[in-house]
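Engineer: Here is how the chains run, residue by residue.
Protein chains: 2
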Amino acid sequence: MSITAPRGFRAAGVAAGLKSSGDTDVAVVVNDGPSAAAAAVFTSNRCKANPVLWSEQAIKGGAARVVVLNSGGANCYTGAAGFQLTHATAELAAELLDVAPVEVQVCSTGLIGLLNDREDLLGGVRAAVGALDADGGDAAARAIMTTDSVPKTATAGGEGWTIGGMAKGAGMLAPALATMLVVVTTDADLPADTLDRALREATRTSFDRLDSDGCQSTNDTVLLMASGASGVAPDVEEFTRALSAVCRDLALQLLADAEGAEHEIAIEVRGAADEDDAVAVARSVARSNLFKTAIFGKDPNWGRILASVGTTDAVFDPADLDVAVNGVWVCRDSGPGEPATDVSLEERDVSVTIDLKSGEHAATVWTNDLTHTYVHENSAYST
Amino acid sequence: MSITAPRGFRAAGVAAGLKSSGDTDVAVVVNDGPSAAAAAVFTSNRCKANPVLWSEQAIKGGAARVVVLNSGGANCYTGAAGFQLTHATAELAAELLDVAPVEVQVCSTGLIGLLNDREDLLGGVRAAVGALDADGGDAAARAIMTTDSVPKTATAGGEGWTIGGMAKGAGMLAPALATMLVVVTTDADLPADTLDRALREATRTSFDRLDSDGCQSTNDTVLLMASGASGVAPDVEEFTRALSAVCRDLALQLLADAEGAEHEIAIEVRGAADEDDAVAVARSVARSNLFKTAIFGKDPNWGRILASVGTTDAVFDPADLDVAVNGVWVCRDSGPGEPATDVSLEERDVSVTIDLKSGEHAATVWTNDLTHTYVHENSAYST
Chain Y
1 MSITAPRGFR AAGVAAGLKS SGDTDVAVVV NDGPSAAAAA VFTSNRCKAN
51 PVLWSEQAIK GGAARVVVLN SGGANCYTGA AGFQLTHATA ELAAELLDVA
101 PVEVQVCSTG LIGLLNDRED LLGGVRAAVG ALDADGGDAA ARAIMTTDSV
151 PKTATAGGEG WTIGGMAKGA GMLAPALATM LVVVTTDADL PADTLDRALR
201 EATRTSFDRL DSDGCQSTND TVLLMASGAS GVAPDVEEFT RALSAVCRDL
251 ALQLLADAEG AEHEIAIEVR GAADEDDAVA VARSVARSNL FKTAIFGKDP
301 NWGRILASVG TTDAVFDPAD LDVAVNGVWV CRDSGPGEPA TDVSLEERDV
351 SVTIDLKSGE HAATVWTNDL THTYVHENSA YST
Chain S
1 MSITAPRGFR AAGVAAGLKS SGDTDVAVVV NDGPSAAAAA VFTSNRCKAN
51 PVLWSEQAIK GGAARVVVLN SGGANCYTGA AGFQLTHATA ELAAELLDVA
101 PVEVQVCSTG LIGLLNDRED LLGGVRAAVG ALDADGGDAA ARAIMTTDSV
151 PKTATAGGEG WTIGGMAKGA GMLAPALATM LVVVTTDADL PADTLDRALR
201 EATRTSFDRL DSDGCQSTND TVLLMASGAS GVAPDVEEFT RALSAVCRDL
251 ALQLLADAEG AEHEIAIEVR GAADEDDAVA VARSVARSNL FKTAIFGKDP
301 NWGRILASVG TTDAVFDPAD LDVAVNGVWV CRDSGPGEPA TDVSLEERDV
351 SVTIDLKSGE HAATVWTNDL THTYVHENSA YST
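Line by line, the protein sequences are chains Y and S.
For the first sequence, counting from 1, position 144 maps to 144 in my numbering; every step adds exactly one.
For the second sequence, counting from 1, position 225 maps to 225 in my numbering; every step adds exactly one.
Looking at chain Y on its own, in the form it has when it is part of the complex:
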C-alpha cells in the first residue's frame, strides 16, 4: 500500500515508453485533502536537475496536491528545453486535476543529459491520471525504479493516523541526501511548517547518514504530503518519531539495494565530543576506498580505519583509539587488540565501532563495500 495507506491519497504507475524495457516509468500521486500541506528537502548539489529547480520554487508556499515522477531520464543538464518540459509536465497535471501548477511537484530519475520525448512523457501523465486509484501505491513505487532490484516502501503511524512512504535509489548515495526520490504521505492534520521541521529532523538522521559511494546526486528529493483526512493532529514529537522510522526504514532498504554491494556496513562513532565530530569521523571512514575494498575482501583492516580517522579535525588522541569490527575489538589504544582472525565477515551486515574516548556523543553512518560488481555496473552504465 505504501503511499496510499494513509487516507486521502490516490496513485498510479504506467508505462509511457521512457524506459526501453517497456517497464512502467511514470507515476502520479494525488493528495485529495482536505489539507494540501507539504514540505520537501532537495539535493544540496549546486548542479541541480530541472525538476528540482521547479519543485524547490513550487514548494515554497507549503502546499502540494500532486507529484509527478518519471524514471527513464533525469532531465538534468538538458538546458532550457529540459526546464520547459518540467514546466509543461506540471501544467498538464494541474489542468487534468484542476489544481494550480505550483501545487504540482515534479521528480525525475535516470540518465543525466538525456531529454525525454515530450509526447511520451506527457502521454504518460495523462495515462497515469486516468489510472489513479486509492490502491495505486505499489504501482507508483514500481514505476519510479531505475537500477533498483526491488520497490521500497514503508509505513508507520499512531492513534487514528498513518504514514506511508516509497523510495527509489540504488547508487550515487551520498550525504545531504542519497541519490533517490522519496515520497511520504500522511493523513495526519499538521501545518506545513510543522511538516517541514519534522521532515528535516527525520532526514538528518536517515538519508543524510547514507554514504554508499560518496557521490551526490543532482535529483534527490524527499517530499512529504499531508492530507489531513484522518482529522487527527498528532503530537509533533510522536509524529516526528514515526516519520523518522519510515525514513530510516527506507534508507536501509536503499543501502541494501546499492549497486554491486556485498556488505551493508554500519559505522558507529562513539565517545565523540559532539555529534558533528562523530558524523565527520564515520563519514571519513565510509568514504575510504581502501577500507571499502578491505571489507569486500573480508579483511577487518583497522589500520585503514585509523588512517581515515586521522584525516578529520575531530577531537581525539591519535594514540588512544579503539576499533571493533563485528564486536571484536581488533584495535585497542591505537595498537593491535584482539586477533583479527576472530572477526567473521561472511554475513552481509557489518558493524564497525570507533571509540574516540573524548566525550559522550555518537552517530552512525551507513555505507557499502567496494566490489568488482560496483566497478562493472558503473563502468558499463551511463547515468
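Keep in mind that a hint or two might mislead.
[What the hints assert, rightly or not] If you want the footprint, here are the derived chain S segments under chain Y, 3+ residues with CB under 8 Å:
{"id": "1", "stretch": "228 to 234"}
{"id": "2", "stretch": "306 to 313"}
{"id": "3", "stretch": "328 to 339"}
[As the list claims (entries may be wrong)] Per the computed footprint, the stretches of chain S lying under chain Y, defined by three or more beta-carbons under 8 Å from a beta-carbon of chain Y, are:
{"id": "4", "stretch": "45 to 56"}
{"id": "5", "stretch": "286 to 293"}
What the hints contain is simulated information worked out from the structure, not anything from laboratory work.
C-beta: ideal position from N, C-alpha, C; glycine also.
Using the hints provided, position chain S relative to the given structure of chain Y.
Structural biologist: Below, chain S without anything else, positioned relative to chain Y:
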C-alpha cells in the same frame, strides 16, 4: 644515479629479511657535507606512523646527515615498542656514522600494525652502512619499493649543481602528500630555511595535487638534503623551479604506477576565481568513484563530472559550465556539446578540462581510474 647524482652523497640498499620475498628492504642515504642543511614535509594525517613522529621532531634543527628507510613494515600503530624501534634505528645509524641521533631521519613503509623484527632491521642498518657507495642511489631506490612495479628516480640541475630524487608509492595516493616516501638530494649550497620554502612550493603543486584514491597515508615523507659539495649557491627561484620539476616528475611516475590503474587522468580546472577554487573542483572530480569507473569503462561521462563540480563551494554558475574530455568539448553551457562518440579513451593518458568561466586561475589534479584490478589488489592485500 638518482640521489647519488649530486656530489657529497653515498647510498646503499640491502636485504635484511623484512620482506618475505627476500628482496632488498633497507636503504641508507648519507650526506657527507660539508653542509647538513635539510628540510622535510610529512603527512598531514593526524594518525602518524612512528618514523614520522620521530623525523618531524628531528628535522626541526634544519639538519639531517643520514636517512634510514625500510620497506616491509610501516611501523604504524605499533605502540611504544614501535617508537622504540625507530629510536634504536636512529641511534644505531648515528653511532655507526658518527653523527648525532637527531641528524638521522627514519622512514618506513609497508604493512600498518606490523612491528618489524628488531634484529632484522638493525642488522639491515649495519649491512647498509657497510655497503654505502657513491654509486648506491639505484640500489637505495629499489630497496624502498613495496607494491611499486618499478623504481622511481629523477634528476635536474643548473650551472655546477645537481638535484637527484627517488620515490616509492603505488596507492593510497591522496592530498597533502601521496602515500609515499621521497628523498631528494642536492649539492647546492643553500641554508635550511631556503630549502624549506623551496620544498613546500615544489610539493604544493606536485605531490599535493596527486589524488589517486582519496586515501591519505600515515607515513608520507618528502625529505630534501643539501650537501653544499658543489660550492654553488644557485638563485633561489631557479633552484625552486628545478626542485619542482623533479617533484613533478616523481609524482607523475607514482601516478603511472598506481595499483590497478588503467588510465592516468589530468583534471585541469580553468576560469576559476582563485587557485583554491580550481584545486577544490578538480579534487572533487578526482574523488568521484562514479567518474573514475566511467573512465575505466571508456565513457566520457560529463554528467558525473558536473555532479561532482556541484558539490563544491567554488565560484561558478551551475548553468554555464564547459567540459572537455581529451580535447572534445562534450559539455557546453552545462548541456550537451560535441558528440561524446568523438572522444577516444583507448590511451592511458586522459585529460579533462573544466571551464568555470569565473576568473583567470587554473590548477591541475592528477588521478587514476577505478578498476577491477584496484578492487582486487586492495581487497586481497592488507596494508
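Engineer: Taking the hints in turn, state whether each one holds.
Structural biologist: Hints, verified against the model:
For the stretch 228 to 234 of chain S, the stated coverage by chain Y is not satisfied: 0 residues place a CB nearer than 8 Å to a CB of that chain, which falls below the threshold of 3. Against chain Y, the stretch 306 to 313 of chain S contributes 7 residues with a C-beta closer than 8 Å to a partner C-beta. That satisfies the three-residue criterion, and the hint holds. For the stretch 328 to 339 of chain S, the assignment as covered by chain Y holds, since 5 residues bring a beta-carbon within under 8 Å of that chain's beta-carbons and 3 suffice. Coverage of the stretch 45 to 56 of chain S by chain Y holds. Counting CB-CB distances below 8 Å, 4 residues qualify, and the rule asks for three or more.
With a cut-off of 8 Å between beta carbons, the stretch 286 to 293 of chain S has 5 residues touching chain Y; three or more are needed, and the interface restraint holds.
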